[in-house]
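Visitor: Quick one: dock chain against chain with the hints and give me the complex.
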Amino acid sequence: MTLIGLLITLLGFIISFLGLGLTTSTGVRMTMAIAGILISLFGIIGLINRSYMKTAIWRR
Amino acid sequence: MKRLHATALTAILFGVAAFAQTPATPPPAAQPAPVAITDADVKNVEAPKAELRAKGDPDGSLTGTVADVAVSDSKKGLTIADVINQVGQNKIAVNFTWTLVCGFLVMFMQAGFAVVETGLCRAKNANHTMMMNFMVYGAGMLAYWLIGFTLQMGGVGGVGNLGGVTPLATEYAITIFGKTFGLFGQTGLFLTQGHTYDVGVMVVFLFQMVFMDTALTIVTGTAAERWKFSAFIVSSFIMGALIYPLFANWAWGGGWLATLGTNFGLGKGYVDFAGSGVVHAVGGLSALAMGILIGPRIGKFSRDGRPHAMPGHDIVLVLTGCFILAFGWFGFNPGSTLGASGNGSLRIGSVAVNTMLAGMGGAFTSMLYMWLRYGKPDASMSGNGLLAGLVAITAPSGFVNTVCAVIIGLIAGVLVCIAVEFVEKSMKVDDPVGAISVHGVNGLWGVISVGLFADGKSNYGGSWNGVTGSVTGLFYGDASQFVAQLIGVSTLVGFVFVMSFVINFAIDVFIGQRVSAAAELEGLDLPEMGALGYPEFELRTPATAGAQ
Chain A
1 MTLIGLLITL
11 LGFIISFLGL
21 GLTTSTGVRM
31 TMAIAGILIS
41 LFGIIGLINR
51 SYMKTAIWRR
Chain B
1 MKRLHATALT
11 AILFGVAAFA
21 QTPATPPPAA
31 QPAPVAITDA
41 DVKNVEAPKA
51 ELRAKGDPDG
61 SLTGTVADVA
71 VSDSKKGLTI
81 ADVINQVGQN
91 KIAVNFTWTL
101 VCGFLVMFMQ
111 AGFAVVETGL
121 CRAKNANHTM
131 MMNFMVYGAG
141 MLAYWLIGFT
151 LQMGGVGGVG
161 NLGGVTPLAT
171 EYAITIFGKT
181 FGLFGQTGLF
191 LTQGHTYDVG
201 VMVVFLFQMV
211 FMDTALTIVT
221 GTAAERWKFS
231 AFIVSSFIMG
241 ALIYPLFANW
251 AWGGGWLATL
261 GTNFGLGKGY
271 VDFAGSGVVH
281 AVGGLSALAM
291 GILIGPRIGK
301 FSRDGRPHAM
311 PGHDIVLVLT
321 GCFILAFGWF
331 GFNPGSTLGA
341 SGNGSLRIGS
351 VAVNTMLAGM
361 GGAFTSMLYM
371 WLRYGKPDAS
381 MSGNGLLAGL
391 VAITAPSGFV
401 NTVCAVIIGL
411 IAGVLVCIAV
421 EFVEKSMKVD
431 DPVGAISVHG
441 VNGLWGVISV
451 GLFADGKSNY
461 GGSWNGVTGS
471 VTGLFYGDAS
481 QFVAQLIGVS
491 TLVGFVFVMS
501 FVINFAIDVF
511 IGQRVSAAAE
521 LEGLDLPEMG
531 ALGYPEFELR
541 TPATAGAQ
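Chains as they are written, first to last, in our numbering: chain A, 1 to 60; chain B, 1 to 548.
Same shape as in the complex, but just chain B (with noise of 0.2 angstroms):
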């Protein structure tokens, strides 16, 4: 009877609750009928008076008004057609813009790339490797001016948040299974080919390029410290010529992944949404072709395969590099919208906060692990991990929530510890800077995560890849989605990495990929550059070391 009681308590409390929260809704009143705005009601719009700006406009109150929308034809003045375009170009420049300054910033980890991986090195090889990250951005623009970007993006066939780019609109295909299989753009030799020269071709080339050039510098790292300057120079130019744009072109350029959807109803095609596997997962693979293929520095591993650890120089750099590459994902994740304004753009907020969480969360539990494992929390492994976890989350940043990306995150922490184990004991491949574990395992692992996270809530124009609804993961319902990120990432194992290994293998027989042992155990920066990276530094080696 009590216990009646306090349920007939407890319903009148919630029923007294919600009605104290839910205000009376007054009677429906008649709407009154619209009244279309004609070109005279914007002419009755008065400008600030020119003596009032003249006296300036501290509170910003005179500044932006009607007077700053362009008149098309001056007899006429203001009509609603100027105003409806100023409106449409305001929403492209407020698009083009974010695009723009999230490709700077992207471009900025080129800095970040750069003195990680000469961190991480020993300071005998210092101006060699910065040089090679250094000049990858030069190389890999070049052979992406030239062609790369025409057999990514030549046929994209149209970036609605960038005003169209209607002239990309060439993509070679042909038919397998009854179904159209793009394969690699036509247009834009030279930005200039086929109607090429667009504002709107231009911000989607630039914002391109830098992705492109990220994932070339994966591979400096994992070469480093043996890599013949030449040979990398040919092999940045063809990896920005043709590797890394044609897995693009498949999976954002409209090629076969991105219609996997369309064609064989697996989710909503290929999805990624910056880059996990374009960038780098390609990078990643890349790197482990090119570890496989010049083998280990000397004295990496002993005799009996036993691996030794060779420090890099300076973990201040490391750790600084790794900052500066959290603060450039800024700008990959988030602008990987192509806008902020329309088509479901507003939630770079979103995009945003998932990578800063996912990023920590990568730092976090590889620093654990390390710490449980070794005794120690190492500064670079908790640098690698939070490498990691944003190249985890780069993939489905755009279509998880919180609680899934500091999942991803987390998971991507181990996961590179693992692999960098794996890949030094196992496999007694030589990576310097972890580049394979960070970028290849994560990368991949970032293009799963899609599959099975993506919650179905993000709206990015009301679909994706020409498929109506928001990406849906296998734990949210869609299986089919999980399929076609399966079928990416076997694309990238199985064919994007062969085509890696064959290309830098001709290089290897046509110039030499590695540079002579008196060359390493002197270090590169004089054989290879002319010059030391620290002249007025003694550089001990462990040969000298013995002598002294």
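Next up, chain A with everything else stripped away, as it sits in the complex (with noise of 0.2 angstroms):
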């Protein structure tokens, strides 16, 4: 699960680097990259968080 986290983490980055070249339209631009900076965060607090938290030390 971290390492899915990691590449969905990896992958919001990708999208918003993407918009770059795919259009010149400001909007479309703007709205890539604040779907990548999302996914970004969900691979980071939904994925490689929850899998530590699932063994934390104040689990045993």
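Read the hints as simulated data drawn from the structure, not as lab findings. A portion of the hints provided could be inaccurate.
Said to hold, decoys possible - When the alpha-carbon atoms are kept at most 20 angstroms apart in a straight line, the in silico EDC-like pairs for lysine to aspartate or glutamate are as follows:
#, chain 1, residue 1, chain 2, residue 2
1, B, K75, B, D41
2, A, K54, B, D304
3, B, K425, B, D304
4, B, K76, B, D39
5, A, K54, B, E424
6, B, K76, B, D41
7, A, K54, B, D68
8, B, K49, B, D68
9, B, K425, B, D378
In this text, all values refer to a predicted model and were calculated from it rather than measured experimentally.
Guide: Okay, structure coming up:
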């Protein structure tokens, strides 16, 4: 799950980055950048952190 | 009718007032033709007589005259060329001095971070926490001198305010979408490779080095009270050599984020005046990666996941440290003009005022937030609010007016309180000093706020990142600048975080990031450092307190 989380987080960056080359529209680039940020945050908070919480020291 | 009279009277009064304030314009006189100054003119300028100088100069009127202008050829005497060269050297001297002194201020921030973090930790970890903050300076600096500076600034291409620094001109770049993407610099290893044994390069190095160290020291706060010292040294070294310099190159060293304006028409490219993103978000997101990896301190959460307060041992240290940091920030932001003379550098006054206003705005709203929510104005969160405001204004400080600076600071103060709660209660990440919220969250907020609030009034030599004009945000009419900032945020969250996480994960596998449970319960001073921070104090942990 950590690995998937890392890949999703990276994917968010790639989506924002691709917006540069795929379009010249400011609105579309803005949308892609915001979507990329949200996907990255999901990767960090929803996947990576959750994966570590499962084995957290306070659960033992 | 009465209204008409009143209007007429007002018009007359205003007309009189306007007339009274406008002096009569004399007819234009014929302008004399300009006369060229020759070497003979400068030779006629008399120096103070030697007998006068021998009597001393209590009012300073005899010191700093034509006698002090360096003459290149004593046979020719003083020439126009000598005078012009002296003017140029004076400008660069002012800028060198300004940048160096500001760098010294930023260096002193290490002391601020050290006491803030130590004060927020328990007394049994005082030595260990101080040592991390002390040695991050050494480990980071060594890595940065060896390779980090080269990667960051080796291709910057020129800094006009500091005399050019022309040796730093080799950027490794690739081509994507038909555009050049600068990735890292290649000149400057050991500050000797590629003719970088240069006075201007040395000034750039000192100033950038202390910025880099600021980013590194943020991580020590989040991982405090459980970070193995050997792992900390390795992690800090790699961050100073690779993680920080890479993003700093993209933003400040002529890399691809800086060229988003010239390549893709996005405002003036990614803009980060003094490093909300480059320094604070990089540090804060690396701290988040470490916080997740290393896990919470023993006792921070109960089995049902409820967090427990683990108060620091010295609030006096904490708030003193915050003041030291606020003082150092006057080097951090205004110093980022890299000069006080030329290219719009006189805006340093505005930058300094924005810095102090936003910092206090942050302290004020965080104090209010805690007071309203919990019934008391929390001291440590007020300190964190101050730092949050300062972090947030770091990127926009050079481009916004005072009203926007206050708004940015006020929002930062609330944001840090909400973020601290979210990180602790929802994410269950243990951050003893609140570094993720102060530097990570508000670093990102600072980057975004440039894209919102930059008012288009700044003028640093007529362009920024190679794009003519002034940095202008969404609220002042340029939506594309906001997009450039969002691309920067996405790079920080999606790339820098992942890189930090992977590197620290590898360190965890090979060295181990966390101390043993026994060492953690005892306190890290003896197991890790071999000496207590307060050897004459009797330290009471919950276990010993229960026994008494």
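Visitor: If a hint holds in the structure, say so; if it doesn't, say that too.
Guide: Verification of the supplied hints:
no., hint, in the structure
1, K75(B) - D41(B), "holds, 17 angstroms"
2, K54(A) - D304(B), "holds, 12 angstroms"
3, K425(B) - D304(B), "holds, 12 angstroms"
4, K76(B) - D39(B), "holds, 9 angstroms"
5, K54(A) - E424(B), "holds, 16 angstroms"
6, K76(B) - D41(B), "holds, 13 angstroms"
7, K54(A) - D68(B), "violated, 72 angstroms"
8, K49(B) - D68(B), "holds, 13 angstroms"
9, K425(B) - D378(B), "holds, 18 angstroms"
In this structure, only the earlier hint numbered 7 is contradicted, and the remaining ones agree with it.
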